[in-house]
Amino acid sequence: MKQCRKCGVNIDGDLGNCPLCGAFVGEEKSPTIYEYPQVNIKTRQKLFLKISMFITVFVIALVAAINLAVNRTISWSLHVMFGFALAWICIGRPTIKIFNTRKHLAWNFAGAIALLFYINIWTSKLANPWAFTLGMPIVVLTWATVLEILCFAHRGGRGNYQIALTKLFALSAICIGISFIWTKTCTWGWYVCTARGFVDVLALSFFSKDTYFGELKRRLHV
Amino acid sequence: MKNAMFDKEWFKLDNAAKIYPAARSSRWNAVFRMSVVLKEEVKPELLQQALDDIIDRFPSFRVTLKKGFFWYYFQFINEKPKIQEEKTYPCSMMRLTGKGYVFRVLYHSHRIAVEVFHSITDGTGNITFLKTLILRYCELCGAEIADVGDLLHYDDDPTPEEVEDSFGRYIDKSKGTLPRKEPVAYQIKGAKEKRGVLNITQGSMPFEQLHATAKSYNCTVNTYLSAVLAYVILNRQLYEKKSKKKPIRIQVPINLRKIFPSVTLRNFAGYYNTTVMPNEQTFEEIVRELDTQLKEKITPDYCQKFINSNVSLEKNPIIRVAPRFLKTLFMNLSFYMVGENLMSCTFSNIGNVVTPKELYDYIDRFEFVLGPQKYMNNAMTAASYNGTTLVTFSRTAKDPILERDFFRVLTEHGIEVTINSNRR
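Respectively, the protein sequence lines represent chains A and B.
What the first sequence shows, in the working numbering, is residues 1 to 222, in sequence order.
What the second sequence shows, in the working numbering, is residues 1 to 424, in sequence order.
Honestly, the hints are just simulated from the structure, not real lab data.
For each residue, glycine too, the CB sits at the ideal point set by N, CA and C.
Do not rely on the hints blindly, as some may be mistaken.
[What the hints assert, rightly or not] The list that follows gives simulated cross-link-like pairs (lysine-lysine, DSS-like), each with its CA atoms no further than 25 Å apart:
id, chain 1, residue 1, chain 2, residue 2
1, A, Lys50, B, Lys18
2, B, Lys18, B, Lys181
3, B, Lys18, B, Lys194
4, A, Lys46, B, Lys398
5, B, Lys82, B, Lys99
6, B, Lys66, B, Lys305
7, B, Lys374, B, Lys246
8, B, Lys192, A, Lys46
9, B, Lys258, B, Lys192
10, B, Lys194, B, Lys374
11, A, Lys2, B, Lys189
12, B, Lys173, B, Lys327
13, B, Lys39, A, Lys29
14, B, Lys87, A, Lys46
15, A, Lys2, B, Lys18
16, B, Lys242, B, Lys374
17, B, Lys398, B, Lys374
18, B, Lys189, A, Lys6
19, B, Lys39, A, Lys46
20, B, Lys194, A, Lys50
21, A, Lys50, B, Lys181
22, B, Lys398, A, Lys6
23, B, Lys374, A, Lys46
[Said to hold, decoys possible] Interface residues of chain B toward chain A, partial, derived using beta-carbon atoms under 7 Å:
id, residue
24, Val37
25, Glu86
26, Thr88
27, Tyr89
28, Ser109
29, His110
30, Val148
31, Thr201
32, Lys398
33, Pro400
34, Arg408
35, Thr411
36, Val417
37, Thr418
38, Ser421
39, Asn422
Next comes chain B alone, as it looks inside the complex (with noise of 0.2 Å):
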């Protein structure tokens, strides 16, 4: 199928999306899924309905993953997608080439989540994505929306500048690289589950309590939480009395959309690696030291570099004439060299999801879970909608060590958290 947009019957994955396909492995093939939980049961057939509504206004949704001699690739299908029951844990494999979508609508009592390989989109592409659905099955169910906002309504026409590769267009060779020397990071172990299995803990709060005690340590929210997951793995390594001590990255993620203008619904974020050092610190000391990496060094000219150090990779002429296969072994070596065993847990904050007031009587929360990660036992997410903040740990270790020692310190900060968890 020709699509439109772009011309022709493929297109090249941008940037960041090409370490994923090369990357996946039988436990791991980078799926995240954002969700909403509605206030009454989902309406399958609506949704459905919603759904054949809206695809033609992602085009860059609309595509299965192909392998190319030198690369993989996207093609447009001409099949509209089909949503399916939950039936398996969240963020389970997915089959990546061959003729099916690479992302998944999937429903189950109140709960509508879109489940999405990496590659297609970053965070905000779904998000955005989720948000047009949801307004599309509740104009279906009844909903009179006066105001859209800023959401993308299913009767507008996809822009080139949706489905462009942001990368490509913000590289400037002349602002230097990054270097990507960085010493392992300290990872909290243990028994791990059996494969498939991905174990959910959510934590809801009100933002204004958590608002107010990040206040009171003189920070961001995101920083408070950041603060918080690095002093619960540094007390948790300081506990284990190791004779080698470990630093503890926490690894947050950047929408670089924020910094370099860009609507782009396809992947164009970059990440920054907070580090702590494994030695005794104060909650206060942790929380001024973060504060001051991510105030003063996520900058433009680091995203800048950040766009350089990915972009020259790739633009490499080695590297680029080289076929797949030895493409997929460098990948998966560097990614297991400069990738997630230099973390100790990664925390992507959404931040405020903003929908139209009409919509309050239908959503009841957003739900952003990252899936199983290749090296770490643990992930962190947050997402936070009409006043109340939802933090999400995804877990393939059985014990729930991590969110038991988080969630314990959020409470005697004096924060009225409510556990929820997939695991009975």
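For reference, chain A alone in the conformation it holds in the complex (with noise of 0.2 Å):
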């Protein structure tokens, strides 16, 4: 019988594991009267990706096919083909590829930018102040926001750095609301959110061992 050396226990059956440690154990395999039958379990997730895929593909036709009887083009349609391609790259994609947290939110960072130059450019407003002045803003602070949870968040007391951070968020977020209603632009938002960076840069320099980079690194599992 092969035996895990770790854990000191022995193993029975075909498992080339140990599942207690996950070390290699060996690759005879012994037949064994206590198996488990194998399942390969159908979530309600995979079946849901599926219909969306399916309505995703359905509605672009139609849509394209409406478009085309009509105006004799293709024109607006294109934005619902954008729209539907920025949820799957966005939404869609981490999902199936089962992303960690880190790059999730790389991708709907990238899809949440993506998606404001897309509307500036549709409204053919590059001087529409809401969509880059405001909206930057509260995305960089989400995103900053959500970072730092992760970054200070690493071991232990969670929950407060979660608390102290959501009000932090908010604060922030009432300033960039009070300069945008104010002045019809975001400078305090930004001088907010850039104090905010300092501090961060300055918090995680003070209490790392290492260097700034390589702590960051170390917290972020990079």
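Dock the two chains into a complex; use the hints.
Set out below in structure tokens:
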């Protein structure tokens, strides 16, 4: 019988790895009467994704056909296509690939930026203030807050950090809001975001035992 | 269908059974399994015949769950249950309300499993059902059994005592009730598996070695295993270095039939929460603490108060007149507040399973698996048969933290453990 040296237990049957620690115990396969059936679990998530994919293809084909029939060209249906493509890039891809939190955030962030740019181009009003002057600080702020939670709540005390950072987030969002309503720009909001960035860098540098980037890498498991 | 035992088409859920249909969720529906591993591969046609033969012996199993205006209730079913080939994880979700049975008999390779919804029976009732099924199956396979001992034989008639609600019989309001307030306990958290996945890790060990080790600590096997479990969870909490330390509480079910004479096959079990405070303690100190708690606090008086507490809640006139949906809300809330959040882990030990000696040639071992828990990630059970004890962990988390530490402690104590798992 195979034995796991780490755990000190015997391993029954055809298991190649120790079920307790995952250590490799051997390739030899011995028949066992205790085996369980091998299950391929079909989750609701998989079914939902399949249905969503079907709906996407169906809707795109339908709107393209209507657009062609009515206007003899594909014009407004492109926006629908872009909308669906963006949703799949931001939500569908991370879900299918089972990304970790960091990759999820990166894809969602990229998607949000792309959406803002697209809306500005679409409306042909690059001077339109809300997309860049209000939207961008909020996106950056949300991203920074979540990143900070991941950075600082690496081990222990997660609850406390989350509460503190949520308060900070709310405060920054209020600053951006007031700044926008008062001056029609987000100068204040940017100042707050930049100040928070400095505080983060200082805090991490102060508490790190290594260099700043070394500590950041360690905390983000990069 | 009218049942001769009840003289009507339906019957009420017993006291302990009422919480389970109300508190169920999309991830949890209080299903647990008792299974047996045979030395030869299961013959499905003989198993079906055995089930057909014994089902009338267990009238309380021949039911489906129905929704009433005030309470859920059981209705008898005419059709006989069908065995099923096991194709999912153990204790997978069961469709409870409708036309089907609220238990299932599964087979796969050498294993026959009986999975039941906790409302129809408890561990003792399920193991009695499984033993009768195996007895009949082995008889059909050609086994000649001279004396069946205390096993129920399919030829005998069921008695009214076997289907009674013993909670109602043993209530004595003059003895008082139990205080329900306890602080929230520490639980090992971790990334969860996908919905429907239940990881099983089983460690088998010679009972003699386990008994000798327990004796060296001056305690019983049950106390020893509980102490190892508490010790492992305590060390985990200390390792996590959390600022707020919570107590470790192991829930140990009590078979009330051992204290109050009853032969009911429906629910008649209570529980006791053993508590270890979250400060650094040696294993010997934890053993002493739990030994004191299990020996001194589980008394007939405690069990009487436990029954009184449960039944008095059910008999409360406000609760009785409330419609079912309000009761469901209340029970869900109470299950959250005084249920699993107060426990670190459940440890259920059905003890030594006894069968006629002739069955030793057919049966390799008995297994006991608790289904996914509502709030906890882990549950532990133990069952002994023919000189071997089997400790089973069922887990909905991805990492086997608890069982890894648990079995390592056992091997450090010199017990030879053989591990098996449903994860490849």
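Each hint tested on the structure:
Straight-line distance between C-alpha atoms of Lys50 (chain A) and Lys18 (chain B) comes to about 39 Å, which puts the hinted pair past the 25 Å bound. For the given pair, Lys18 (chain B) sits about 21 Å from Lys181 (chain B) by alpha-carbon distance, which is consistent with the 25 Å threshold. Restraint check for Lys18 (chain B) and Lys194 (chain B): the C-alpha separation of about 28 Å exceeds 25 Å, so the hint is violated. Proposed proximity of Lys46 (chain A) and Lys398 (chain B) is supported: the alpha carbons are some 19 Å apart, at most 25 Å.
Distance check on the hinted pair: Lys82 (chain B) and Lys99 (chain B) sit about 13 Å apart at the alpha-carbon level, within 25 Å; holds. For a cut-off of 25 Å, the pair hint linking Lys66 (chain B) to Lys305 (chain B) is broken: about 30 Å separates their Cα positions. For the proposed pair Lys374 (chain B) and Lys246 (chain B), the alpha carbon gap of about 20 Å is at most 25 Å, so the pair holds. For the hint pairing Lys192 (chain B) with Lys46 (chain A), the CA-to-CA distance comes to about 17 Å; that is within 25 Å, so the pair holds.
Taken as a hint, the Lys258 (chain B) and Lys192 (chain B) pair is broken in the structure, with Cα atoms around 37 Å apart against an allowance of 25 Å. Restraint check for Lys194 (chain B) and Lys374 (chain B): the C-alpha separation of about 14 Å stays at or below 25 Å, so the hint holds. For the proposed pair Lys2 (chain A) and Lys189 (chain B), the alpha carbon gap of about 30 Å is over 25 Å, so the pair is violated. For the suggested pair Lys173 (chain B) and Lys327 (chain B), the alpha carbons sit about 23 Å apart, so the restraint of at most 25 Å is met.
For the hint pairing Lys39 (chain B) with Lys29 (chain A), the CA-to-CA distance comes to about 19 Å; that is within 25 Å, so the pair holds. Annotation: proposed proximity of Lys87 (chain B) to Lys46 (chain A) holds, straight-line Cα distance about 19 Å (limit 25 Å). With a C-alpha separation of about 46 Å, the suggested pairing of Lys2 (chain A) with Lys18 (chain B) is violated against the 25 Å cut-off. Simply put, Lys242 (chain B) and Lys374 (chain B) have alpha-carbon atoms about 24 Å apart, close enough for the 25 Å limit, and the pair holds.
For the suggested pair Lys398 (chain B) and Lys374 (chain B), the alpha carbons sit about 16 Å apart, so the restraint of at most 25 Å is met. At most 25 Å may separate the alpha-carbon atoms for a hinted pair to count; Lys189 (chain B) and Lys6 (chain A) meet this at roughly 23 Å. With a C-alpha separation of about 39 Å, the suggested pair Lys39 (chain B) and Lys46 (chain A) falls outside the 25 Å cut-off, and the hint is violated. Restraint check: the Cα-Cα separation between Lys194 (chain B) and Lys50 (chain A) comes to about 18 Å, which is no more than 25 Å; the hinted pair holds.
Distance hint between Lys50 (chain A) and Lys181 (chain B) is unfulfilled; the C-alpha atoms sit about 47 Å from each other, more than 25 Å. Distance hint between Lys398 (chain B) and Lys6 (chain A) is fulfilled; the C-alpha atoms sit about 20 Å from each other, no more than 25 Å. At roughly 23 Å between alpha-carbon atoms, Lys374 (chain B) and Lys46 (chain A) fall within 25 Å of each other, so this suggested pair holds. Annotation: Val37 (chain B) was flagged as interfacial toward chain A, and the flag holds, the nearest CB pair being 6 Å apart, inside 7 Å.
Residue-level restraint check for Glu86 (chain B) holds (minimum Cβ-Cβ distance to chain A is 5 Å; threshold 7 Å). Given hint, Thr88 (chain B) at the interface with chain A, holds; its Cβ is 6 Å from that chain's nearest Cβ, closer than 7 Å. Given the 7 Å rule on beta carbons, the hint for Tyr89 (chain B) holds: about 6 Å separates it from the nearest Cβ of chain A. At a threshold of 7 Å, the smallest CB-CB gap from Ser109 (chain B) to chain A is about 6 Å, leaving the interface hint in force.
Look at His110 (chain B): its Cβ gets to within about 4 Å of chain A, closer than 7 Å, so that hint holds up. Because the smallest distance between the Cβ of Val148 (chain B) and any Cβ of chain A comes to about 25 Å, over 7 Å, the interface hint for this residue is violated. The interface hint given for Thr201 (chain B) is met, as the beta carbon of that residue sits about 5 Å from the closest beta carbon of chain A, less than 7 Å. A least Cβ separation of about 11 Å between Lys398 (chain B) and chain A goes past the 7 Å threshold, and the interface hint is therefore violated.
For the restraint placing Pro400 (chain B) at the interface with chain A, the shortest Cβ-Cβ distance is roughly 6 Å, inside the 7 Å limit, so the hint holds. Because the beta carbon of Arg408 (chain B) sits about 6 Å from the nearest beta carbon in chain A, less than 7 Å, this interface hint is met. About 4 Å separates the beta-carbon of Thr411 (chain B) from the nearest beta-carbon of chain A, less than 7 Å, and the hint is met. Among the interface hints, the one on Val417 (chain B) holds; its C-beta lies about 5 Å from the nearest C-beta in chain A, closer than the 7 Å criterion.
For Thr418 (chain B), the interface hint holds, the least distance from its beta-carbon to any beta-carbon of chain A being 4 Å, beneath 7 Å. With a least beta-carbon distance of about 4 Å to chain A, the hint placing Ser421 (chain B) at the interface is held under the 7 Å criterion. With its C-beta approaching chain A no nearer than about 4 Å, Asn422 (chain B) sits inside the 7 Å limit, and its interface hint holds.
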